[in-house]
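Using the sequences and the hints given, assemble the complete structure.
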Amino acid sequence: MGPLTEAARGALAARMADVVGRAHVVSEPSELLVYECDGLTHGRTRPALVVLPGSTAEVAEVVKAARAAGAPIVPRGAGTGLSGGARPVPGCVVVSLARMTRILGVDLENGTVRVEPGVINLDVTRAVAGAGWYYAPDPSSQGVCTIGGNVAENSGGAHCLKYGFTTNHVLAARLVLDDGLVLDVGGTAADAPGYDLLAPLVGSEGMLGIVTEVTLRLLRKPETTRTFLAIFPSSDEAGDAVSQIIAAGILPAAIEMMDSLAIQAAKAATGLDWPEDCALLLMDADGPAPEVEHVHRRASEIARACGARAVQVPRDEAERQLMWKGRKSAFAAVGRISPNYLVEDGVIPRSEIASVLREIGRLAAEAGLRVANVFHAGDGNLHPLVLYDARNPGEEERAAHLGGDILRLCIRVGGSITGEHGVGAEKAAYMAEQFTPEDLDTMMKVRCAFDGGALFNPGKVFPTPRLCGEKPGPYEPHPVERAGLAERW
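Numbered according to the numbering used here, the sequence shown spans residues 1 to 489.
It is worth saying that the hints were derived from the structure and are not from the lab. Since the structure is predicted, the reported quantities are computational estimates derived from the model, not experimental observations. Backbone N, C-alpha and C define an ideal beta-carbon position, used for all residues, glycine too. You may find that some hints are simply not true.
What the hints assert, rightly or not - With a Cα cut of at most 30 angstroms, we get these calculated DSS-like pairs of lysine-lysine:
1. LYS162 with LYS325
2. LYS445 with LYS64
3. LYS325 with LYS221
4. LYS267 with LYS325
5. LYS221 with LYS162
6. LYS162 with LYS267
Claimed, not checked - Label-pair ranges, simulated between beta-carbon atoms:
7. THR442 with ALA310: 44 to 52 angstroms
8. THR41 with GLU433: 22 to 30 angstroms
9. ARG309 with SER355: 19 to 27 angstroms
10. ARG297 with LEU183: 43 to 51 angstroms
11. GLY307 with LEU183: 51 to 59 angstroms
Structure (structure tokens):
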């Protein structure tokens, strides 16, 4: 695989137009600009083409055409990812699933729904809410992100503490492999015989195939949901409260944490009347009313014992929704207090929250930058937002290095470089710091079992020979990936 000549690009565009219709092939340079990156804007690559198929059959023909032309494929959902997973590679065809937005079937008797990959996360709940059901994974971007992207990244959200990540709610999937073969994996049976091929698919970041249908598990809406806000003098006390709440054997549906900078941003965006010189824990308890009352009472008691200044309960549903709006808008709201920012995504043991936040503060001061912290505290999934101004020479590079130092810190305390945003292009260089060469080779062999020629999303996830903190350079395949390329091409 290599860059397409202009003649080859034109021929491929014509072939794709035969499959999906001319209106669904993007080839003009000015129109390709919007596909140069996803939600991580630090690196940009212009694709050769963008194709928007409308069915599984069209996806299969698109894959065959790209393979015949020697062009790599980068699958794309809504483009809201934050790790560069949907960033094009040179000479690639971006396959956007934005047209595949149908809810194909709802089976409330068995608590499932079958959807195409372009369906918006929140639209799944909207489709079944009237009958008292909902879809549990709730990324902050759930109003715009798609199920296909959620499957690719194994997305979580605030309520994954109690209800788990996307992988816990995907029952089956249909995908197109690198030769255009359509494969169904998983099923609604409790335990199907044979290998669990669904497990490596969820969280595979578009490297195994293109998902064209997903069967999801639905949950009944909880009888009662109660939200409460605990206000602490600092992140030390708030972090201690999180550890003690979980250690006490009670399980809130969500425990979210915001520090002073994140609070400032949320207030600027929403008008919330929150204090700023503090750290906040926003918690949900849901389920049967007696359980909710017990969780709320015990979590509030523990929060006060850990130094909470106050524990507030919203006056009504409107105020409750505003509180959650403040938390879920935090990433975008940071734009109110900084012209640029880098979103990191690491995981640490809950017991290390206070010490890790102190160390992040020290690293930020050393780098001459600010970091706003907002994260899923209940399961230790940090989202440090590194604030910088790209107009100042060298500041973007310092931000990237600081982000890398935070990821290394997560590894040192026994955590991970990603909890839900994926590795993508941004974190590939750090994989070798978390895993051994043997680990990485084994992972790559699993990838190559599905996609032996590395047709899908090449150059992502697995480390390439570049220094940590450097901007991604030209795509250089992993050794196992290179062997597959040589065999196929």
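Holds or violated: 44 to 52 angstroms for the Cβ distance of THR442 and ALA310?
50 angstroms, holds
For the range 51 to 59 angstroms, tell me whether the beta carbons of GLY307 and LEU183 fit it or not.
Given range 51 to 59 angstroms: holds, Cβ gap about 54 angstroms.
Cβ separation of THR41 and GLU433, checked against the hinted range 22 to 30 angstroms:
24 angstroms, holds
Pairwise hint evaluation, LYS64 against LYS445, where the allowed Cα distance is 30 angstroms at most
22 angstroms, holds
Regarding the pair LYS162 and LYS267, is the alpha-carbon distance no greater than 30 angstroms?
Distance of about 27 angstroms is within 30 angstroms: holds.
Just tell me: holds or violated, for the beta carbon distance of ARG297 and LEU183 against 43 to 51 angstroms?
Holds - the Cβ-Cβ distance for ARG297 and LEU183, about 50 angstroms, lies within 43 to 51 angstroms.
Assuming the hint says 19 to 27 angstroms, is it satisfied by the Cβ distance from ARG309 to SER355 or not?
About 22 angstroms separates the Cβ atoms of ARG309 and SER355, which means 19 to 27 angstroms holds.
For LYS221 and LYS162, compute the direct alpha-carbon distance and say whether it is at most 30 angstroms.
Between LYS221 and LYS162 the Cα gap is close to 14 angstroms, so the pair holds against 30 angstroms.
Please work out if LYS162 and LYS325 have their alpha carbons no farther apart than 30 angstroms.
Given pair LYS162, LYS325 holds - Cα atoms ~20 angstroms apart, limit 30 angstroms.
With a cut-off of 30 angstroms on the C-alpha distance, tell me whether LYS325 and LYS221 pass.
Holds - the C-alpha atoms of LYS221 and LYS325 are around 20 angstroms apart, at most 30 angstroms.
For the pair supplied as a hint, LYS267 and LYS325, is the alpha-carbon distance within the 30 angstroms limit?
10 angstroms, holds
The structure shown violates none of the earlier numbered hints.
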